[in-house]
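Assemble chains B, C and D onto chain A, guided by the hints.
Chains as they are written, first to last, in UniProt numbering: chain A, 1 to 337; chain B, 1 to 337; chain C, 1 to 337; chain D, 1 to 337.
I should point out that these hints are in silico values taken from the structure, not numbers from a laboratory. Every value quoted in this text rests on a predicted model; they were computed, and no experiment measured them. The reader is advised that the hints may include incorrect statements.
Any copy will do: because identical chains look the same in the list, a pair fits if it lies in one copy or spans two.
Unchecked claim - EDC-like, lysine to aspartate or glutamate: derived pairs with alpha carbons at most 20 angstroms apart:
| hint | residue 1 | residue 2 |
| --- | --- | --- |
| 1 | LYS70 | ASP80 |
| 2 | LYS70 | GLU304 |
| 3 | LYS6 | ASP44 |
| 4 | LYS27 | GLU215 |
| 5 | LYS118 | ASP179 |
| 6 | LYS118 | GLU155 |
| 7 | LYS94 | ASP179 |
| 8 | LYS118 | GLU75 |
There are 4 protein chains.
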Amino acid sequence: MIVVMKKGASPMQVEAVIERIELTGCKVHPSVGEETTILGVIGDVRAVNIAQIQLMDGVDRTMRVARPYKLASREFNPTDTLIRVSDVVIGGNKVVVMAGPCAVESREQMLETAHAVKAAGATMLRGGAFKPRSSPYSFQGLGEEGLQYLALAREETGLPFVTEVMEPQMVPLVSQYADMLQIGARNMQNFALLHAVGEAHMPVLLKRGLMSTIEEWLMSAEYILSHGNNQVILCERGIRTFETSTRNTLDISAVPVLKQLTHLPVMVDPSHATGKWDLVEPTARAGVAAGADGLVIEVHPRPEEALSDGPQSLKPERFAALMTSLPAIAAAIGRSM
Amino acid sequence: MIVVMKKGASPMQVEAVIERIELTGCKVHPSVGEETTILGVIGDVRAVNIAQIQLMDGVDRTMRVARPYKLASREFNPTDTLIRVSDVVIGGNKVVVMAGPCAVESREQMLETAHAVKAAGATMLRGGAFKPRSSPYSFQGLGEEGLQYLALAREETGLPFVTEVMEPQMVPLVSQYADMLQIGARNMQNFALLHAVGEAHMPVLLKRGLMSTIEEWLMSAEYILSHGNNQVILCERGIRTFETSTRNTLDISAVPVLKQLTHLPVMVDPSHATGKWDLVEPTARAGVAAGADGLVIEVHPRPEEALSDGPQSLKPERFAALMTSLPAIAAAIGRSM
Amino acid sequence: MIVVMKKGASPMQVEAVIERIELTGCKVHPSVGEETTILGVIGDVRAVNIAQIQLMDGVDRTMRVARPYKLASREFNPTDTLIRVSDVVIGGNKVVVMAGPCAVESREQMLETAHAVKAAGATMLRGGAFKPRSSPYSFQGLGEEGLQYLALAREETGLPFVTEVMEPQMVPLVSQYADMLQIGARNMQNFALLHAVGEAHMPVLLKRGLMSTIEEWLMSAEYILSHGNNQVILCERGIRTFETSTRNTLDISAVPVLKQLTHLPVMVDPSHATGKWDLVEPTARAGVAAGADGLVIEVHPRPEEALSDGPQSLKPERFAALMTSLPAIAAAIGRSM
Amino acid sequence: MIVVMKKGASPMQVEAVIERIELTGCKVHPSVGEETTILGVIGDVRAVNIAQIQLMDGVDRTMRVARPYKLASREFNPTDTLIRVSDVVIGGNKVVVMAGPCAVESREQMLETAHAVKAAGATMLRGGAFKPRSSPYSFQGLGEEGLQYLALAREETGLPFVTEVMEPQMVPLVSQYADMLQIGARNMQNFALLHAVGEAHMPVLLKRGLMSTIEEWLMSAEYILSHGNNQVILCERGIRTFETSTRNTLDISAVPVLKQLTHLPVMVDPSHATGKWDLVEPTARAGVAAGADGLVIEVHPRPEEALSDGPQSLKPERFAALMTSLPAIAAAIGRSM
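Looking at chain A on its own, in the form it has when it is part of the complex:
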């Protein structure tokens, strides 16, 4: 941690800051210049209340040097974390693909989609039973009935599934059915929910908030990890920017940035990122080329009848075509599919 004193800060002010910091057991090394004095702080700076120091007389600015997360950091755990879901391994050499409808709408729709994505090579199913919708008047999901259809689809295809959980008290119910819990973008900083899934013994797919920095995202992962669950997978799904030609803006460089900062697996969701089915294919390819450990893709047998997110859903044949082009890209960077 670093403290920059104001021009003209008095020696007494500098002394007061040093004293306050050293109370925590940290050591301070002052660099006294003609114009500015800089204090380098060494030790366990978590004990220092940075905001307090910033308000002391004579202090211009404070800067954190250490990252605010620990368990999620690459430094804490240099080896890539591998997450197993049935016989699927996420975070290893093999690139995985989770596919399925945005919302589970019926038994038939779920089974038809599941068989189609299985045939095309998907490694997991996805589908929403509880749907967060910005309008109270939109379809809110089938609830537990949806979970039952997902379980049936798993039984028929052998593919494990991920589904969203929206509130702490629903974690037990959803965990009973699902193989992996999804925290949606709008809940990335729902700390009560992060706490609850942190106590579940189950992999968690943590989607990035529309408005969240990579650091905040890793802090949310830290919440889950710090409550004892270290099976966290990060999923980039587009951030909000000024550009309106896509639903969101896929932050493709988040993939290699995360690979440097954390040991957790990183996936890309090109469907939510772009919001348009005809942009899913090129961005899915870009995700694999950038080094993502997997993709989450929305597939619907009849997108024009979908109750949610139809415009961004691929038809099964489109999805199959996309799947055939990915292995060559994975191979180009030394990975398999």
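Showing chains B, C and D alone in chain A's frame:
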């Protein structure tokens, strides 16, 4: 609602779209040009699945004309909604001020602050007992003990208080103590929580999400209203932009925009918007000048010892000074304080 | 300047960094911790190539401590700069108002507007003769003819005027007519143009770029100042954000932030910031309440016939009404109009 | 074009709007609903002043249906435009790579880099002789001397080069040396400069502005095209967002979006987009996978000594390694390198 057909869309494609729409009881008026055909749709377009229409062959784009919220709209309720909290009225001619610490830290801190802001003219208290913090290692609030100190402060000063509720199952507990429930920025689209406070019989202060559009914000208000609670107050608290010299960017024009779109009261929180105590005073004044119905301001007796948000907290004497400058601004636009 | 070494950086790597920095005459104070080593750099760090240091082996991060601008900084010049244009003083106690049409369209339109805004109390005229338009097919301004009408309006009303200059070679022509040169938002980082107006002996109104941070904006001011022209006025006119209900988002807190960082006057343009005439009034008031030294407001006698920016232009009677409400707000913060 | 009338607009108001529009020769089809009246406008709507209509009594909103650019649109020219520079073809099946230093610093640096990137397989050189720098105190480029070194590098390697031109009056000088003119991000809406290069007979590399929408970008291309130069190449180089872990955010989906909207070639600059050399490789691959026609990459023999943008420059050996991984990705989507 409007449907724009692609150049070269066939008459059969146009016909199919019209048929599908008219199944819902809406009427379609086609405008056939040499290059483009536009379909004007009249009637209750909520019955039309826009996303489905957008995916039909020959369709270029669809555009909604009606606003997606109803109960929250000025058109639905042209008269300003007045919300009463004890003897405070929010949304009327008088500009209100809610003040207090970011977090309730102790009995003494809460009482000292409450007496100070009361003396300076505040109309309500604020203070967090349950704190959403981006780090799992930060102070998370005193919980129910904090609510008790808030209640004590109310008893001693006569000022009602607002405090945040973070999860659906805590609504009963918090409602037992508080005069108004706050939904924090990070929970603006926590739909389970919106549903829960929608069933409470209590005013709700709905803060704007950091990266939420005004329309999404009104949709969140609609969630609460549609579950039976029409005592919703909107609070602008800064949005996330590329600018880093302030914590967030106060969207001051949101105040008059909301005054056009909705009948609900609108407040401004200059503390969270700027993140710096020395910017609170000018932006608080700007809020009143722009027509806000009130302000939410963080005050702490010793900001340099605050466990949360110290840098943006005013000392009581600064708060008192601010309060003396506001009535003249309110009077300049025909309001009182 | 501060250099943070990587965990595990070798003493030789630390030494190499220190050596490279000390070649420039700066002094380095190392703070060696168990995990991290921090180097505090004191002296004239402008001589240090930060980017180079950042690429040296063992270096984790570098951080600038000093601000990158000097002449524009409050520290360099603690006294507010006053800028005189004829008998108007900008930056003093009196809040000024520049008003007029977006584009000069005709002799009649310009004169009619000029007389109207003069009667309502405006202190300067504004109007565009050369118009930057995002479409090559839009009206591009009357050119020199427009300058002549502006000069005529000045003659008839006694009000000096500001007008935009779009390219370096036009500076002489525009300077011949105008009392103040405007650099438009899209040209804020047109460095050739900044250089050219830096050599003019004339006040410059430097609008903030849609995408520019406050620091970049002050760097652009520094360009002008460093070429010898210290008559620079900053004008906040809205930044681009994700919100679409207004044309741009007025960054109201930029006003007090700039008042801390620089000695240059700061104005607010609520017309471009909001893009809608019915939002101009509340945001203009907010600008004065936040401490702006003046306002720039678009006025057109018949907005519905305007060739540019009609939707954000006030009719003269609306402008007059606005002008009557401002003095009380200015007075509330100890200023006059 | 569509006009939405306000609820309760009178028949006379509707009539007035129709009359005004029909004066331009367009035809209006009204859809009269119980609550809303929608007017569909057919014909050459460029003649209609939308802003004017928007201000008429009873009008709620107007919406453009047609795109505001024509020459740049895919509809105007369905075939991909191929641009030839010496024997390089841009926009065809072969993916091209332009590489070189951010700034030309010396004869030796330029030649060394040129030979290295040629050996690694680059198809063109890049290098800045005139540098737009946000600080007046930074290295501003060698000027014409830099152009001479670029020409020498071309002579020695046979690779044509692109270099930036910053002001209209420099177009003749730069054109004398360069094979392609670059318009930098900060000049994307420098309309005088767009006009000037529109009259040059030379390919233009038009970089996207940091905060420009895709539509605005295509409007800037339209400026160049409308002045007679149809050799325009678009280059995505990252946009400004709230995320700070990268210099900018690479908008990877802009590539397929542009492929739908325009016939012009599209390139990606991963160096400026990320600002960090170790993110260039994965994002360059993503660019090719997403369908870009080429890449622009910064290479410097000794990045730690670079006078500009060292942190984002690849060393020649890194660049060579990147080049070996790209052909397989190109091949995976049916392209060559």
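Outcome of the hint check:
| no. | hint | verdict |
| --- | --- | --- |
| 1 | LYS70 <-> ASP80 | within (15 angstroms within a copy, 46 angstroms between copies) |
| 2 | LYS70 <-> GLU304 | neither (45 angstroms within a copy, 26 angstroms between copies) |
| 3 | LYS6 <-> ASP44 | between (25 angstroms within a copy, 16 angstroms between copies) |
| 4 | LYS27 <-> GLU215 | neither (26 angstroms within a copy, 33 angstroms between copies) |
| 5 | LYS118 <-> ASP179 | within (16 angstroms within a copy, 51 angstroms between copies) |
| 6 | LYS118 <-> GLU155 | within (12 angstroms within a copy, 56 angstroms between copies) |
| 7 | LYS94 <-> ASP179 | within (19 angstroms within a copy, 44 angstroms between copies) |
| 8 | LYS118 <-> GLU75 | neither (37 angstroms within a copy, 38 angstroms between copies) |
Of the numbered hints stated above, those contradicted by the structure are hints 2, 4 and 8, listed in ascending order.
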